Each structure stands twice: as C-alpha cells, then as structure tokens.
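Chains A and B, in that order, give the protein sequences. Residues in the first sequence are numbered consecutively from 1, following the working numbering. Residues in the second sequence are numbered consecutively from 1, following the working numbering.
Hints are computed from structural coordinates only; laboratory data are not their basis. Be aware that a few hints might be false.
As the list claims (entries may be wrong) - Calculated lysine to aspartate or glutamate pairs in the EDC-like style (CA-CA distance at most 20 Å, straight line):
1. K243(A) / E76(B)
2. K79(B) / D234(A)
3. K79(B) / D159(B)
4. K245(A) / E74(B)
5. K266(B) / D228(B)
6. K75(B) / D234(A)
7. K243(A) / E68(B)
8. K75(B) / D65(B)
9. K245(A) / E76(B)
10. K301(B) / E271(B)
11. K75(B) / D23(B)
12. K153(A) / D118(B)
Only a predicted model underlies this, so the values are computations on that prediction, with no experimental measurement involved.
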Amino acid sequence: MTPIFQRKSVLIPLSLGFLLILAALNLALGSVNIPIAEVVDIVTGKGSSNVIWENILLRTRLPQTIVALGAGMALGVAGLLMQTLFRNPLAGPSVLGISSGSSLGVGFVLLVAGQVWGFSFSRLGIWGDLAIITASLGGAFAVLALILFISHKIGGTLSVLIIGVMIGYLSNSVVGVLKFYSMEEDVHNYVIWGLGSFSRMSVDRAYLFAIITIVPSLLALFLSKSLNLMALGDRYASNLGLKIKRARLLIILCAGTLTAIVTAFCGPIIFIGMAVPHLAKLVSRTSNHLYLICNACILGAATALLCNLLARLPGMESELPINSVTAFIGAPVVISVIWKKRKENF
Amino acid sequence: MNKNLLHIRNLSIGYGSKIVAGDLSAIIPSGELICLLGSNGTGKSTLMRSICGFQPVLGGLIVIDNREVHQLNEKELSKQIAVVLTDRVVVPNASVQELVGYGRSPYTGMLGRLNGMDKIIVARAMEQCGIAHKKDSLLTSLSDGERQKAFIAKALAQDTPLIILDEPTAFLDLPARVEIMQLLRDIANTSGKSILMSTHDLDLALQLSDRLWLLQNGGPLITGSPEDLLLKNAFQKMFQHKGIVFDNKTGLFKVMHAQHSQVAVKGHGFEYVLLRRALSRKGVRLVKANPEDCNRLEVNKDAQKPFSLYVDDQCIQSEDSVEVFVNRVLAAKSLLEVQSESRVLSE
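Model the full assembly from the supplied sequences, consistent with the hints where possible.
This is the structure in structure tokens:
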C-alpha cells in the first residue's frame, strides 16, 4: 500500500497548500520588514497608510512572486518533458540548445549593437527590455525551428538530443567571440542577463508572463498519454498506436516554447528544470504523466518561490543572483534522488 | 476458427538495398502458437520487425485480416498486432498495473484514462499471466520471468488477434522458460489469439508449438507442424554442423565425440547407458564383449556396486560411482584398444 502522503487525493491538496504558504512568505519576507497585517491589507486591495510599503509589495514582491511561480512551473514541466522524451535523467530544458539560442539572440543585441551603432541597449529603458525579450525569443525560436526540422527529417530521438547539445556549444562559442570584441559595459550587461532574475518585470507584465507560462504548462497535460508511451521506448509506443514523429514534435514544441518564454523574460534559469522532475517522480510513485505533470507544475512553482525567497532573505543587503541559489538547491536534490534510487535498485 | 489470420507472400526483408532473406512465404492460422527458429544472423528479428510494421519490406506482401500491414496506420495496426520485444526497457516508477494499463492505449481517449471496462481487461490479463499478485510492484523490482509475464499481460490487454514476441525466453532460466512457453500455449488455446515467437529453445518449440517456421540463411522459410517437419528431415538440413546430429525420434540434438579407443563391455540397462555416455565424452567407445574377451567391463544393475572391471577374467575393482569408475578405466591403459581409424564420431 502506498504511504498516505503519496496518495493522489492527499498529495495534490497538500502540495498546493505548501505552494500557497511559499507564495505568502515571498510576499511577507524581504529586506524591508513589513507587518503581516499590512501585507494582507495591501495584497487584498485595502491599501495601506505606508506608501513605501505599498510600493515595495505591489511593485517588487508581488510581480516577483508571480514571475517565480510561472517560471518555475514552466521549467518544471519542460524539464519533465525532456527527461521522458530522451529517457535521460540528466536532461533538462536546456538540452535542446534553446536557451543557448536565446543567449545568442541577446548576445547579438547587447554586444553587437554596441559595436555597430555605438550605444548601449541598457540605456534605452523599456525599449531596451523589449529589444532583449524579442532577441531572446528570436534566437530561441530559430533554434527550436531548426530542432523541429531535424527531428522531422531524421528518425532517432538520440540524434535529436546530440544535435541539440551541439547547437548549444555552437551558440556558446559565437557568444564567446562576440564577448571578446565587445565593450566592457555591454559584456557586464550580458553577464547580468545571464545570471537570471525574477525581478525584471512590472506587475502588468508579470501577469502577462504568468498567463503565457501557466497556460502552456497546463496544456502539456494533453501530452501525458504520448509521454507515457514514449517512456516505453519508440517501438512499444508505435506498437501501441502512437504516431511517434508527431508526438515527438509536439513534445519538443511544448517544452521549447516554455523554455523560450522563460529565458526571454528571466534570462537562462538553470537547474530548476532538471531538479524538479526528479522531485515530481519522488513524491508520487507513478509513471503516469497525468500526475507527474501536475506534480511538476506545483513543485516547479514551489521550488522557484523557495529559491526566490532564499535569494533575498531578510537581513541581506541585496539580492543574490537567482542562478546561484537554484544550483545550490538543485544540485543536492539531484544527488539525493540518485542516491536514493541506487539503494532501491540494488 | 482456423481461418488464416496472416499471410506472407514472396517476402523479401532487409535494410536499404541489402536483402537479408528473400522468397519467404508462410501463414499464421488463428489460435496457433508458432515458433520461429533459425541460427543467429538468418534474419529472425528482421522478419519479426517487418511483420510488426517497424521496418519497410523490400518486396512481397504481409497481409493481416485481408489488409496489407504496411498500409495500416499506427492506430489500425495497434489493434491487430501486439508485441513483446527483447529490449530491456527501464520505465522509471512504472508498476505492473500501469504497464498493463498502457496496453489499453489504442482504445483510450486523449488523456489515456482507463474506464471500467479497460480496468476489467487489465485485471484479467494480469490474472491470466499469473502476475496479478505483483500488480503494485515496480517493474524494476521484478525478476526477469515476472517482467516477461508483465509485458505479455500488456500485450494481452492490447486485445489483438496476433501477439508477436521476440525471443521471450532469451534471458530466463530453464523453469521460467518452460513456464513462459506454457503460458503462451495456454493463451493460444483459451483465447483463440495467434502467437508468433522467435526462440532458440528447439526442444520446447517442438513440444509446445502448433507450427514451426524454420528460417534458413537467406531464405526460404520452411513451415509446418513439428511432426511433419520431423518426417521431412527438415532439421538435419537446417542445423548441419560438424559434431552435431539431430535425432528425429527424440527431437533432440546429440553431440558427437571423437573416439580414439574402445573397450569391451558386458551388460545393459540404464547404468550401461550412463557409463557409455561418460566414457564417450572421454573419447572411449564401448563395444559388446565377446565371450573370449578376458579384459572387459561388466555392468550388473542388481549388484550393490554395479560397475566392475575385469582383467584376465578376474574382477579387480567394483564401483558404484560412474565418475570414479571411468577414471579407473582410463588409468588402465592395457584395457583400452586404440583404434586404427583415427577419428570416429559416436554419441
């Protein structure tokens, strides 16, 4: 019999509750101490006498919380899709080279524009932000289109994986060349972009971001049957009536879009996409992706919120780069999961 | 009953332009267990994969239920043929019940959820394969035999008229092999499904299958009931090899040993057969003792020590262990007559 906390009827409400608590903590905690009662008043729209507090909450903490939630969910789902498609526990959203494509796009805007037109995009304010987002999406979707084309042309799943990784290396090397010939300020901006952040958006844009990440994440539920069969291997999947090429295309499209969006708005966020699927498989003992995707959504959001919370713990002067925190949390998770599996299998 | 489910006509199989085997023709009648036999490299797996629609054929036809296999789409084919592959797939966290449930995929909706009927079919399939008691166990925790049963249950749940298994007994120990073969025999008998499996277990195939397909290097395919093929001496041709002889009466292979000497023996019975086998392995052939042979072996099954060694009509040693006795005989060089013909093969 499965332990009580692993039953689906208990697990999902439990983890949703945990997620809510984390979201609340993200609003309540930070370098400025705001009383809980005030936090509740401001968030529920009653307003507060203290304008600074109101500003901190509505302009900083609330968008950050929403962005972390959406980004975590998207990356968790994308990672799960990739790990199942490639049947590889080390796969993550970045294996297809999509985030490298983003980096390349952003690299061109931040590094080349400075050289060619003699100005820095970072000084352009909102237009600069939009240019970066557009460049990132452009780079990511260009790589995605290439991967989809290759996946359609050639048969093997493994070949797609290898080509994705190779595209990643190629874009990194181009970015390296760009960096070498760029102005110091531009390189600095590029490095900052590469560290990732949940706090680049206004509250309106955060809501938009939440919609375009959460909706496709939930749409991935419709891929769960394909994913269940893909996990059995291409031959069994095809014998059970699955159109392999189409399924693979849809899975790559879904994971690729999620990764592209998150990378465009937050920069390349590492580790969440790789660690969360392991957590999702750990909490419920099932191979059914209908449940695994739900788990990945909730746990992805929760992990991102936890990382965001740790990145700006009370008492710290400034925020830590989010990627330092995600790796700090993600690496032990992956190690412990592998450790636990080792014990079970032998 | 007994209509033909699948026809193969003048089939050529292979990869690209390389033909592995050609001119293959065969039938699969409903409700029969068919074993595909053939040495490694003759194209057994290629033939299986071609029938399953996993790879294109180079010529000829495979027709199932009056339709050409390679013109059916995945969905249609998934309701005709269920497969059990040799590949060892590792599905993280999958339980037996989940795996068998995936067998229902051709019939489930977009989210792949099982309805009441599906659940009954899944339970019945696990029951029939004797794996129901392990339904909540993870696949990774099963023994090889149990795993194979789980995958067979998956194929059963797929509810197809034909099940194809690629060497289902390959990694199993002898009792598990027999069990799996009996299970398949039982499925063919009770469900009316046809089963085609490739195997190297000739003795089990001869005893349990309704029909054999013998694939020779490059083709053609020789088919028929085990008994008819024995009548036609099909196996001798198939497994022509130095030192191996196929015994039509027992349906077993005999290994022939090179004999370099012989010894006279008096006696008969089970003990005699055992002694002959043990000495044959060492290259010594037994010949019937003439009354004048004063150096001889005697086998007396009623004595407490059945094996006796006589030199000059004197019993110099009696033993109850074949091994000890054989060593003693080999040590008595004077006893063994070295043969003039250098190498004679004998059982």
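Going through the hints against the structure:
With a CA separation close to 11 Å, the supplied pair K243(A) and E76(B) stays within the 20 Å bound. Taking the CA atoms of K79(B) and D234(A), the gap is about 17 Å. The hint holds against a cut of 20 Å. At roughly 7 Å between alpha-carbon atoms, K79(B) and D159(B) fall within 20 Å of each other, so this suggested pair holds. Proposed proximity of K245(A) and E74(B) is supported: the alpha carbons are some 11 Å apart, at most 20 Å.
Between K266(B) and D228(B), the direct Cα distance comes to roughly 39 Å. Violation of the 20 Å bound is thereby established for this hinted pair. At roughly 15 Å between alpha-carbon atoms, K75(B) and D234(A) fall within 20 Å of each other, so this suggested pair holds. The suggested pairing of K243(A) with E68(B) holds, with an alpha-carbon distance near 19 Å, which does not exceed 20 Å. About 15 Å separates the Cα atoms of K75(B) and D65(B), which keeps this hinted pair within 20 Å; it holds.
This hinted pair checks out: K245(A) and E76(B) have alpha carbons roughly 17 Å apart, not beyond 20 Å. With a C-alpha separation of about 7 Å, the suggested pair K301(B) and E271(B) falls inside the 20 Å cut-off, and the hint holds. Pair hint K75(B) plus D23(B) does not hold up; C-alpha atoms about 29 Å apart against a cutoff of 20 Å. Under the criterion of a C-alpha separation no larger than 20 Å, the hint pairing K153(A) with D118(B) is inconsistent with the structure, at around 36 Å.
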